[in-house]
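Please model the complete structure; the sequences and the hints are all you need to start from.
Just add 77 to wherever you are in the sequence shown, counting from 1, and you've got my numbering.
To be clear, the hints were calculated from the coordinates, so they are not data collected in a lab.
Here the structure is a predicted model, which is why all the values come from computation and not from measurement.
Every residue gets a Cβ at the ideal spot worked out from N, C-alpha and C, and that includes glycine.
Check the hints yourself; a few may be wrong.
[Stated by the list, open to error] Restraint ranges, calculated between C-beta atoms of paired labels, are given here:
1. E88 with I110: 15 to 21 Å
2. E95 with L122: 16 to 22 Å
3. L122 with T102: 17 to 23 Å
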Amino acid sequence: MPFCFDTSSIEAERFVLEILITSLTKTSLEDIIRRTQELLSTLLLV
Numbered sequence: 078m079p080f081c082f083d084t085s086s087i088e089a090e091r092f093v094l095e096i097l098i099t100s101l102t103k104t105s106l107e108d109i110i111r112r113t114q115e116l117l118s119t120l121l122l123v
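In structure tokens form, the structure reads like this:
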């Protein structure tokens, strides 16, 4: 199977895009850090 969807990696990519968009809209660094910690904890639970 050369190609398959991994929902966790898709979710991670979406989260990274959200972080990039957030930084582009100049939201506080604390919010970006909080989002990153949420992503890490989500990945650890999977």
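Practice prompt. Output the numbers, in ascending order, of every earlier hint that fails for this structure.
Written response: 3
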